[in-house]
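Residue numbers (this note's numbering), protein chains in the order written: chain A, 9 to 173; chain B, 4 to 196.
Just so you know, these hints were derived from the structure itself, not from any lab.
Please note that the accuracy of each hint is not assured.
Unchecked claim - Derived SDA-like pairs: lysine to any residue, alpha-carbon spacing no greater than 20 Å straight-line:
id	chain 1	residue 1	chain 2	residue 2
1	B	Lys26	A	Arg32
2	B	Lys26	A	Lys108
3	A	Lys158	B	Asn8
4	A	Lys52	B	Leu78
5	A	Lys162	B	Asp10
6	A	Lys108	A	Lys162
7	A	Lys162	B	Ala54
8	B	Lys26	A	Asn18
9	A	Lys108	B	Thr20
10	A	Lys162	B	Ala15
11	A	Lys158	B	Asp10
12	A	Lys108	B	Trp70
13	B	Lys26	A	Lys158
14	A	Lys162	B	Lys26
15	B	Lys26	A	Ala35
16	A	Lys108	B	Asp9
17	A	Lys158	B	Leu78
18	A	Lys52	B	Arg13
19	A	Lys108	B	Gln17
20	A	Lys108	B	Arg13
21	B	Lys26	A	Ala47
22	A	Lys108	B	Leu11
23	A	Lys158	B	Asp9
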Amino acid sequence: MQADEDWITNHGGMIARIAASYERRPALQEELAQEILLAVWRAKSTFRGEASERTFIARIAHNVSISHVRRAVRHRAGELADEVPDSSPGPEIQADLALKRARLEHAVQRLPLPMMQVMTLFLEGFSAAEIAAALSISQANAEVRISRAKSALKTRMEGHRDGPE
Amino acid sequence: MTDLNDDLLRRAWQSGTPVDMDKVARRLTSVNRQHRLFNQLAFSAGWMLTALLAATEAAGALPTQGWLTALSASLLLLAYVLHVLARRNLKRRYSDDPAALMDFTIGRLRAGLWLGRTLYLVLPVAVLLGYLAGGLIAASLLGGAPDAPSPILAALMTTFMLMLIISGLRIARRRMRDLSALKVAQKDIAGCM
Numbered sequence: 009m010q011a012d013e014d015w016i017t018n019h020g021g022m023i024a025r026i027a028a029s030y031e032r033r034p035a036l037q038e039e040l041a042q043e044i045l046l047a048v049w050r051a052k053s054t055f056r057g058e059a060s061e062r063t064f065i066a067r068i069a070h071n072v073s074i075s076h077v078r079r080a081v082r083h084r085a086g087e088l089a090d091e092v093p094d095s096s097p098g099p100e101i102q103a104d105l106a107l108k109r110a111r112l113e114h115a116v117q118r119l120p121l122p123m124m125q126v127m128t129l130f131l132e133g134f135s136a137a138e139i140a141a142a143l144s145i146s147q148a149n150a151e152v153r154i155s156r157a158k159s160a161l162k163t164r165m166e167g168h169r170d171g172p173e
Numbered sequence: 004m005t006d007l008n009d010d011l012l013r014r015a016w017q018s019g020t021p022v023d024m025d026k027v028a029r030r031l032t033s034v035n036r037q038h039r040l041f042n043q044l045a046f047s048a049g050w051m052l053t054a055l056l057a058a059t060e061a062a063g064a065l066p067t068q069g070w071l072t073a074l075s076a077s078l079l080l081l082a083y084v085l086h087v088l089a090r091r092n093l094k095r096r097y098s099d100d101p102a103a104l105m106d107f108t109i110g111r112l113r114a115g116l117w118l119g120r121t122l123y124l125v126l127p128v129a130v131l132l133g134y135l136a137g138g139l140i141a142a143s144l145l146g147g148a149p150d151a152p153s154p155i156l157a158a159l160m161t162t163f164m165l166m167l168i169i170s171g172l173r174i175a176r177r178r179m180r181d182l183s184a185l186k187v188a189q190k191d192i193a194g195c196m
């Protein structure tokens with residue numbers, strides 16, 4: 009694995025987004041991200057290069073996140089949460105992109121768990137083979153889940169688009 | 004109808020980082036501080052147990068004539084020296100490099116976890132168990148001899164120390180999970196080495 013001082017720089021964003029996919033509450037997102045960071049550190053010695061470093065970290069992130077979900081009480085509100093963060097107070101274009109990202113994140117969070125898992129990695133740029141490796145499923149299964157997740161996401165995004173602004 | 008272009012979706016998705024990872028890394032430092040506090044507690048408890056063992060042996064409650072105390076003290080001293088050396092080495096390597104802060108923190112965590120928990124507590128506890136066994140044997144052998152020390156009193160004091168260690172373990176473990184307690188503890192132990 010590459011030098012330790014680079015891995016958080018290169019993969020910190022992915023970890024943060026995966027954590028945000030499983031946990032909607034900002035305060036607990038940080039806690040989940042911290043749990044993932046610790047788990048990755050503890051597992052570093054077991055990395056043998058069978059998959060890419062990114063796939064290795066994604067697998068750990070998902071496993072830790074699933075454990076987190078099992079422990080936590082989730083509140084599945086139907087409406088868009090008011091606390092959806094918009095951290096881009098700049099020009100209108102940036103604000104619009106941030107809002108679109110927030111809506112995308114909201115839609116992903118409300119996917120069924122198997123779909124959310126594959127969609128999170130798909131949006132991070134993972135291929136079907138890499139997704140299969142990260143989630144310990146077959147590539148065929150991954151491809152089917154990706155297809156279904158994209159359909160479900162499309163439906164949810166259309167629902168947001170057609171709804172009140 | 005929304006056009007789910009994969010590239011556009013990915014670009015939108017990766018355009019933000021919902022969690023401040025720098026903040027998370029800094030919080031990990033506070034977790035590390037909790038481990039340092041725990042190590043200090045464990046280290047202090049280890050030395051107190053050793054002192055109690057010395058007093059017990061000096062009082063003649065055990066037929067070991069001080070070698071248990073010497074053994075416990077030597078092992079604790081060795082553990083402390085190793086811990087200090089490891090901590091200095093890690094600090095020298097990483098403390099001036101902000102980009103390596105995470106690795107430095109985890110490295111200290113690693114050193115603190117192994118040396119602090121394993122050596123500081125396991126050694127005194129092992130000596131303690133030996134002392135308890137020896138104390139019971141001594142009590143049965145010495146019986147009611149007028150100049151015999153009180154193994155019961157020594158056992159009670161040892162039990163108190165054990166309760167102190169267990170309480171320290173529970174406190175540290177609770178603090179690891181309580182976010183607000185982490186923040187409070189961070190202020191309390193700021194500057195602790």
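Here's how the hints hold up against the structure:
no. : hint                  : verdict
1   : Lys26(B) - Arg32(A)   : 18 Å, holds
2   : Lys26(B) - Lys108(A)  : 25 Å, violated
3   : Lys158(A) - Asn8(B)   : 10 Å, holds
4   : Lys52(A) - Leu78(B)   : 30 Å, violated
5   : Lys162(A) - Asp10(B)  : 14 Å, holds
6   : Lys108(A) - Lys162(A) : 14 Å, holds
7   : Lys162(A) - Ala54(B)  : 70 Å, violated
8   : Lys26(B) - Asn18(A)   : 16 Å, holds
9   : Lys108(A) - Thr20(B)  : 14 Å, holds
10  : Lys162(A) - Ala15(B)  : 15 Å, holds
11  : Lys158(A) - Asp10(B)  : 13 Å, holds
12  : Lys108(A) - Trp70(B)  : 72 Å, violated
13  : Lys26(B) - Lys158(A)  : 33 Å, violated
14  : Lys162(A) - Lys26(B)  : 34 Å, violated
15  : Lys26(B) - Ala35(A)   : 11 Å, holds
16  : Lys108(A) - Asp9(B)   : 14 Å, holds
17  : Lys158(A) - Leu78(B)  : 61 Å, violated
18  : Lys52(A) - Arg13(B)   : 28 Å, violated
19  : Lys108(A) - Gln17(B)  : 11 Å, holds
20  : Lys108(A) - Arg13(B)  : 12 Å, holds
21  : Lys26(B) - Ala47(A)   : 17 Å, holds
22  : Lys108(A) - Leu11(B)  : 11 Å, holds
23  : Lys158(A) - Asp9(B)   : 9 Å, holds
In this structure, the hints that do not hold are numbers 2, 4, 7, 12, 13, 14, 17 and 18, in rising order.
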